[in-house]
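Residue numbers (UniProt numbering), protein chains in the order written: chain A, 1 to 208; chain B, 1 to 372.
Treat the hints loosely; a few may be bogus.
As the list claims (entries may be wrong) - Cβ-Cβ distance ranges computed for the label pairs, FRET-style: (1) A/120 - B/123: 35 to 45 Å; (2) B/175 - A/165: 14 to 24 Å; (3) A/142 - B/123: 21 to 31 Å; (4) A/59 - B/93: 43 to 53 Å.
Claimed, not checked - Here are some of the chain B residues that sit facing chain A, going by a computed Cβ distance under 10 Å: (5) 160; (6) 164; (7) 167; (8) 177; (9) 184; (10) 185; (11) 248.
These are computed hints drawn from the structure, not numbers from a lab. Only a predicted model underlies this, so the values are computations on that prediction, with no experimental measurement involved. We put the CB at the ideal spot given by N, CA and C, even for glycine.
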Amino acid sequence: MMTEKFPSRLLENAVNEFAKLPGIGRKTALRLVLHLLKQDVADVEIFGHSIIQARTEIKHCKICHNISDGDICNICSQPDRLPEIICVVENIRDVMAIENTRQFTGLYHVLGGIISPMDGVGPADLEINSLIERVRSGNVAEVILALSTTMEGDTTNFFLYKKLKDFNVRISTLARGVSVGDELEYADELTLGRSIKNRLDFESSLSQ
Amino acid sequence: MHLESLSLLNFKNLEEVDLQFSPDLNCFIGNNGAGKTNLMDAIYYLSFCKSFLNPVDGLNVRHEEEFFVIQGKYQRLGQDESIYCGLKRGQKKHFKRNKKEYQKLAEHIGLLPLIIITPSDIDLIMGGSEERRRFLDGLISQYDQIYLDHLLRYNRALLQRNKLLKQFASERSYNEDSLDVWDEQLVHYGNLIHLKRVEYIDRLQPVFQQYYELISCGNERIGMEHQSQLYETDFALLLRENRHKDRVVQYTTVGIHKDDILFNLGDYPIKKLGSQGQKKTYLVALKLAQFDFIKAMSGMTPILLLDDIFDKLDKSRVEQIVKLVADDHFGQIFITDTNREHLDQIIRQVAADSKIFRVSQGTVREQNHEEK
Ligand SMILES: [Zn+2]
Chain A
1 MMTEKFPSRL
11 LENAVNEFAK
21 LPGIGRKTAL
31 RLVLHLLKQD
41 VADVEIFGHS
51 IIQARTEIKH
61 CKICHNISDG
71 DICNICSQPD
81 RLPEIICVVE
91 NIRDVMAIEN
101 TRQFTGLYHV
111 LGGIISPMDG
121 VGPADLEINS
131 LIERVRSGNV
141 AEVILALSTT
151 MEGDTTNFFL
161 YKKLKDFNVR
171 ISTLARGVSV
181 GDELEYADEL
191 TLGRSIKNRL
201 DFESSLSQ
Chain B
1 MHLESLSLLN
11 FKNLEEVDLQ
21 FSPDLNCFIG
31 NNGAGKTNLM
41 DAIYYLSFCK
51 SFLNPVDGLN
61 VRHEEEFFVI
71 QGKYQRLGQD
81 ESIYCGLKRG
91 QKKHFKRNKK
101 EYQKLAEHIG
111 LLPLIIITPS
121 DIDLIMGGSE
131 ERRRFLDGLI
141 SQYDQIYLDH
151 LLRYNRALLQ
161 RNKLLKQFAS
171 ERSYNEDSLD
181 VWDEQLVHYG
191 NLIHLKRVEY
201 IDRLQPVFQQ
211 YYELISCGNE
221 RIGMEHQSQL
231 YETDFALLLR
241 ENRHKDRVVQ
251 YTTVGIHKDD
261 ILFNLGDYPI
271 KKLGSQGQKK
281 TYLVALKLAQ
291 FDFIKAMSGM
301 TPILLLDDIF
311 DKLDKSRVEQ
321 IVKLVADDHF
331 GQIFITDTNR
341 EHLDQIIRQV
351 AADSKIFRVS
361 QGTVREQNHE
371 EK
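Only chain A is shown next, with the shape it has when bound in the complex (with noise of 0.2 Å):
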């Protein structure tokens, strides 16, 4: 790959800075830098702009570590929600797939991942005390541990159930029968809906 001669240093820069995003090969790199360079320069600064100010000035929710534009974001400063219902999902995907079921009126808790070793991902990287801090709080009735079925998923869930069990709330997951790999972000609205209104204690759900 190194032995790639550019013409220009500027063009060899760019192409590297795009080649370092997830999915995209030297090729594509190559193919997008030259369509920028065909760009008008206004519109190639706005591009620029968005993504520097997206890096620099999305914050993540105080409450629950959701991207966001302000302190707050705006489902969890929403006067109408539940606060006492807090779903606990893996990533800001699984909010959006939730929140177009319509069938959801609590609050969410980002973790921002799942416990996988194999990835580096251990419980102390996640949004753990921060959920325990919620809960300890006491202003919580219920926590639902919707994390995907996977075996990094289901140890997560099962983490976070051992941390939460001593308190004095209800602890349920989606009720999704045995199907393996159904990630959140790929089940359909309708499925995923139901699954949300019909949930169980998680307890119950271990011995399945």
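Following the hints, put chain B with the ligand in place on chain A, whose structure we already have.
Same frame as chain A, now just chain B with the ligand:
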């Protein structure tokens, strides 16, 4: 269920083959290296989507050719089934049932049950414990999807736990809670797997014993002794007790992934004391027991492939095997041999329809029964 016809293009040393089979008995005769076993392998492919000899698909394409095609027409539960398997070098394998491509090959496994008895079965006795676990796991998971799911999850949890142990060592850190949660997953799935293994070995054993007695005309007791650390100690406790050791060696030293099956003849392990003939008889009996098992579970009579099984067996054992498989209990059978004598003997015993195919240097020709 049976295979009606088979066509091959560029599969291993077979350039072009079109064969119509008998629903009962089919014999392939030829010298070693002629291509008999490759015909067996092609039939195996159509049931299991892979070779039993070479796991790398690309290596099954005929020398200097670009692709291979295997096609089979089956009669199954009163329906025609047309199965297609095609591979172009460097591309994804295509597998179709009645012209419809499978999304996942796993969906096909079990559709056309098949048992093969081949010289490489000896690895089951002589090889490491992994071979025996794979045999047992394959037997159970072929018709128990939940077992397979549990096994995959157990293996995944094991991989994660081992990774965590390595991380602790490299980062000089330790977090008990992190380890506990993987232990609990291993215990949950490990116990479920253990119960199934116990159950299935208990069910397999008497059938196995019966076949061994039939073939050997004797009453030697054979035994399959399931060896598992879980018999002596509760799995959760076992993991606790070995936690320190696991941290030192940086992998999980106890669990159902260490199980083995001890194959005994009388009071002795057959691995150490059995003769070649005894070992072979042992394996034939084991595979025929597996045949019965799959027949009962699938409700179909599996196809039986006997690849070069008479070699190293004395005359009386060959006769017994022939008598056995000539029984109505077995359905369609394919046999390879270098020796016409064995085959004639079988054909005489089997009243049913039979066909003989002569295989030489990659070509196959049907033979009249009178031709020698
Ligand atoms: Zn929020």
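These are the hints, each one checked on the structure:
no., hint, verdict
1, A/120 - B/123: 35 to 45 Å, "holds (37 Å)"
2, B/175 - A/165: 14 to 24 Å, "holds (19 Å)"
3, A/142 - B/123: 21 to 31 Å, "violated (54 Å)"
4, A/59 - B/93: 43 to 53 Å, "holds (49 Å)"
5, 160, "holds (5 Å)"
6, 164, "holds (4 Å)"
7, 167, "holds (6 Å)"
8, 177, "holds (7 Å)"
9, 184, "holds (7 Å)"
10, 185, "holds (6 Å)"
11, 248, "violated (18 Å)"
Violated hints for the displayed structure, listed by number in ascending order: 3, 11.
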